[in-house]
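Visitor: Once you've looked at the hints, dock chain B against the given chain A.
Listed in order, the protein sequences are those of chains A and B.
According to our numbering, the stretch in the first sequence is residues 146 to 612, in order.
According to our numbering, the stretch in the second sequence is residues 146 to 612, in order.
Rather than coming from a laboratory, the hints here were simulated on the basis of the structure.
Wrong hints could be hidden among the right ones.
Below are the DSBU-like pairs computed for lysine-lysine, each with C-alpha atoms no more than 35 Å apart in a straight line [claimed, not checked]:
hint	chain 1	residue 1	chain 2	residue 2
1	B	Lys606	A	Lys515
2	B	Lys515	A	Lys606
3	A	Lys393	B	Lys221
4	B	Lys515	B	Lys530
5	B	Lys530	B	Lys393
6	B	Lys590	A	Lys515
7	A	Lys531	B	Lys580
8	B	Lys531	B	Lys515
9	B	Lys580	A	Lys590
10	A	Lys580	A	Lys606
11	A	Lys606	B	Lys531
12	B	Lys580	B	Lys393
13	B	Lys580	B	Lys606
14	A	Lys530	B	Lys606
15	A	Lys531	A	Lys515
16	A	Lys531	A	Lys393
17	A	Lys531	B	Lys590
18	A	Lys590	B	Lys606
19	B	Lys590	B	Lys606
20	A	Lys590	B	Lys530
21	B	Lys590	A	Lys530
22	B	Lys530	A	Lys580
23	A	Lys393	A	Lys214
24	A	Lys393	A	Lys606
25	B	Lys531	A	Lys580
If you want the building blocks of each chain, they are given just below.
There are 2 protein chains.
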Amino acid sequence: MPDYRRRAAREAMSVRLDVNGIMADTLGAAGITREEVDALAPRTSEITHSLRGRRSAGELPFYDLPYQKDALARIKSVAAEVRAESDTLVVLGIGGSSLGTKTVIRALGTDAPRVAVADNVDPWSFATLLDGLDLTRTTFNVISKSGETAETMAQFLIVRDLLLRQLGAVDYARHVVLTTDADAGALRQIVHDEGFRDLVIPAGVGGRFSVLSSVGLLPAAFAGVRIDDLLAGAAWMDTRCQNADLWKNPGYLLGTLLYLADTRHEQNIVVMMPYGDRLHGFAAWFAQLWAESLGKAETLEGVPAHVGQTPVTAAGATDQHSLMQLFADGPADKVICMLRVEDHGRELPVPSAYADLDPLGYLGGTGLGKLLNLEQRATELALTKKGRPVLTLTLPQLNAFTLGQLFYLFEVAVVFAGGLYRINPFDQPGVEDSKQLTYGLLGRKGFEAQRAETDALLARKRDDYIL
Amino acid sequence: MPDYRRRAAREAMSVRLDVNGIMADTLGAAGITREEVDALAPRTSEITHSLRGRRSAGELPFYDLPYQKDALARIKSVAAEVRAESDTLVVLGIGGSSLGTKTVIRALGTDAPRVAVADNVDPWSFATLLDGLDLTRTTFNVISKSGETAETMAQFLIVRDLLLRQLGAVDYARHVVLTTDADAGALRQIVHDEGFRDLVIPAGVGGRFSVLSSVGLLPAAFAGVRIDDLLAGAAWMDTRCQNADLWKNPGYLLGTLLYLADTRHEQNIVVMMPYGDRLHGFAAWFAQLWAESLGKAETLEGVPAHVGQTPVTAAGATDQHSLMQLFADGPADKVICMLRVEDHGRELPVPSAYADLDPLGYLGGTGLGKLLNLEQRATELALTKKGRPVLTLTLPQLNAFTLGQLFYLFEVAVVFAGGLYRINPFDQPGVEDSKQLTYGLLGRKGFEAQRAETDALLARKRDDYIL
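Same shape as in the complex, but just chain A (with noise of 0.2 Å):
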């Protein structure tokens, strides 16, 4: 295993970002220029100063995840003990409660000991999911910050009845661990009152910035994920994210880019397409920080805006046979961003056979990573000619240590693209209505006005508008 604290260990892992695709100089017209992005330099250096500032305040925690020392102690004696006892940990969790989990697992995650992520509150698959455990053998990571949210409550509801009725009231508390606020909520009252085990939530960490807390950090160290590497990955970007030098910048001039894209060149969506089925965890975890950061109403001013670029999940090479031809032939209103892996890890070499038949012939002698990649660079300079927008992010292996640079890396440029755009990139006010409408819907009490309003909305439906 490298040794990260080397140097020379941390460049040679280092992911790279190549913007060539996405510049006027390679693209033309759709593409930008380096004077569009020179001319942005006095709002850069400004949010540059305020972020700064912000996190030497503490007000940005999330910054200093990497460097954690006791929560990070805490984590791993939670989850040697939680192993000592399980070969499944079933996290209860949505959101930015599951996401960064679904993507540590699905990149380096294993089948035994298991990580089951429960994100949703379908009865057909957690009831399968529930069917399918030892609970003697199984723990319940309940994951929410506030410790009222209404879909993780209602798994919770449902796991402890059927520990209580299955396990007994002296054991089953031991099956569940409780990752929420330090002090707020119904969650931490509940430890109090029933001593459960508990991890806490960094204040000021909000879901989609919590994948390198105790919320992604518990279910990867379960698993077996080098967790001290994935930081040392995110610490990695961080050093390279304080470059003052925009062009040397991978965080910031991604952030500008993407902006520039979506509010000069009407690129309003961004594709994120890795090449590699490992990382389909992370392009759905990018697709929540880029929506969630940056689609606003109103900017900081309060001023109405209504801005955010639009994330659309892709599979390489899967997705050339399907969404590509939009890509490259439908409007010019996307930028695609390729995630490449250099090494595989594992690879099948392509034999040869029916060596006269022409389009099997050829193939004989590759291997299945080479032209998985080849079709990476292929569809990239392809794009490139049509004058389609193309960023590639190159891993040099997919492991914790360049997961973690991801994970940073694009953190790092929402919150500056969220300065360009002049919108508060940490919350999340536009779910507000639906969530009280539901509580409405279910009878809560003090949401009798919401339930009037559905009522009333649903009283407004013309049946001819009903097939």
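Guide: Relative to chain A, chain B alone:
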């Protein structure tokens, strides 16, 4: 089991399209008016007439897949043979050769017998899949219309070699079923030469319209899915989509409304958001259908157009905690299409506990499926309140009959929308370039010019644009 030869059974199990949430009556300015739809009448009757004629002339054979007879008998017979010999069917296919099967299996499949779909050339995931197979009880279904899809052919060469080595030259052929064109292509020649079993992809049925052909039906039948019900559902939707009144024709109305949303209301994104995990595959199937059919550079008359609405997949209720912030507050550039399942087939009651703890107490006595459906309704109405267009499709249950309806509904809708855009919904010229550049990089004979082209493009990259 309901007998779908009875009209009452079909009516009771009909998928319902609710367009209230996209119409101006409900939505105000962002909505579509009845007048806008009716103004298209000359064009829509032209398209209706043209499609009817082409269907009668046998030019659009996908329309008639619900009524296939001989092919169906052959599919069932091969499925029964394979089922007797194998516990696992591995589909080697990509794009239209895999997305339909992934949809059907995700929605209606079981763990045993198991259908695995290998739709990428990721060496890690393909090697992991192969590692876990008992080859003596596994059959591989290799699917490629052209018989020269590079990804599928590479997988096939690996699998054939593996089978030959492990099972020997006498037995290996019995573990492969090829699904390809009746006459043309390399796979057809291989069927002749090596004596594999085969199924025919009907002439004129393209990949994304092939789920109800041998492509999707063999794996479905192997998995025990009621393929007669799939076809009966499609036939029922066909009947409903014959209605000459656009306002009573769900396929034509759906295609028209999404076309108008895109071209007249700047809603260039359509989000497919099933509330039910088993429908996630359907969202990806839809994404291919919509993107690849409508994303076109030119009109039928050869006029540059660059049209096509971008499909986004989302998961209800999960993505209410992820993408929904953007959908609710971001740019007004989306139509959200929600899928709702009235009866999920299983229910998990939420036990009452912590009755005096407000954020949990109100949940006691509900059910997980009920919660999911209330969230769908609340989110639909919250979007309506914000003036964001929503289409809702309701399935009484998720079964083969309703899934068959969904497939056919969107196939009809996309072909009709193609008529409105004046593009060819059946081709995909935009991905040819990337294939050819890949051949060049692989050193395939005859593609030396493409190799030179990629070399030239790569040489243009600036080092200072790679961070």
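Visitor: Does each hint fit the structure? Answer for all of them.
Guide: Tested hints:
{"no.": "1", "hint": "B:Lys606 <-> A:Lys515", "verdict": "holds, 21 Å"}
{"no.": "2", "hint": "B:Lys515 <-> A:Lys606", "verdict": "holds, 21 Å"}
{"no.": "3", "hint": "A:Lys393 <-> B:Lys221", "verdict": "violated, 61 Å"}
{"no.": "4", "hint": "B:Lys515 <-> B:Lys530", "verdict": "holds, 22 Å"}
{"no.": "5", "hint": "B:Lys530 <-> B:Lys393", "verdict": "holds, 26 Å"}
{"no.": "6", "hint": "B:Lys590 <-> A:Lys515", "verdict": "holds, 18 Å"}
{"no.": "7", "hint": "A:Lys531 <-> B:Lys580", "verdict": "holds, 14 Å"}
{"no.": "8", "hint": "B:Lys531 <-> B:Lys515", "verdict": "holds, 24 Å"}
{"no.": "9", "hint": "B:Lys580 <-> A:Lys590", "verdict": "violated, 60 Å"}
{"no.": "10", "hint": "A:Lys580 <-> A:Lys606", "verdict": "holds, 21 Å"}
{"no.": "11", "hint": "A:Lys606 <-> B:Lys531", "verdict": "holds, 16 Å"}
{"no.": "12", "hint": "B:Lys580 <-> B:Lys393", "verdict": "violated, 42 Å"}
{"no.": "13", "hint": "B:Lys580 <-> B:Lys606", "verdict": "holds, 21 Å"}
{"no.": "14", "hint": "A:Lys530 <-> B:Lys606", "verdict": "holds, 13 Å"}
{"no.": "15", "hint": "A:Lys531 <-> A:Lys515", "verdict": "holds, 24 Å"}
{"no.": "16", "hint": "A:Lys531 <-> A:Lys393", "verdict": "holds, 28 Å"}
{"no.": "17", "hint": "A:Lys531 <-> B:Lys590", "verdict": "holds, 25 Å"}
{"no.": "18", "hint": "A:Lys590 <-> B:Lys606", "verdict": "violated, 62 Å"}
{"no.": "19", "hint": "B:Lys590 <-> B:Lys606", "verdict": "holds, 27 Å"}
{"no.": "20", "hint": "A:Lys590 <-> B:Lys530", "verdict": "holds, 22 Å"}
{"no.": "21", "hint": "B:Lys590 <-> A:Lys530", "verdict": "holds, 22 Å"}
{"no.": "22", "hint": "B:Lys530 <-> A:Lys580", "verdict": "holds, 13 Å"}
{"no.": "23", "hint": "A:Lys393 <-> A:Lys214", "verdict": "holds, 29 Å"}
{"no.": "24", "hint": "A:Lys393 <-> A:Lys606", "verdict": "violated, 55 Å"}
{"no.": "25", "hint": "B:Lys531 <-> A:Lys580", "verdict": "holds, 14 Å"}
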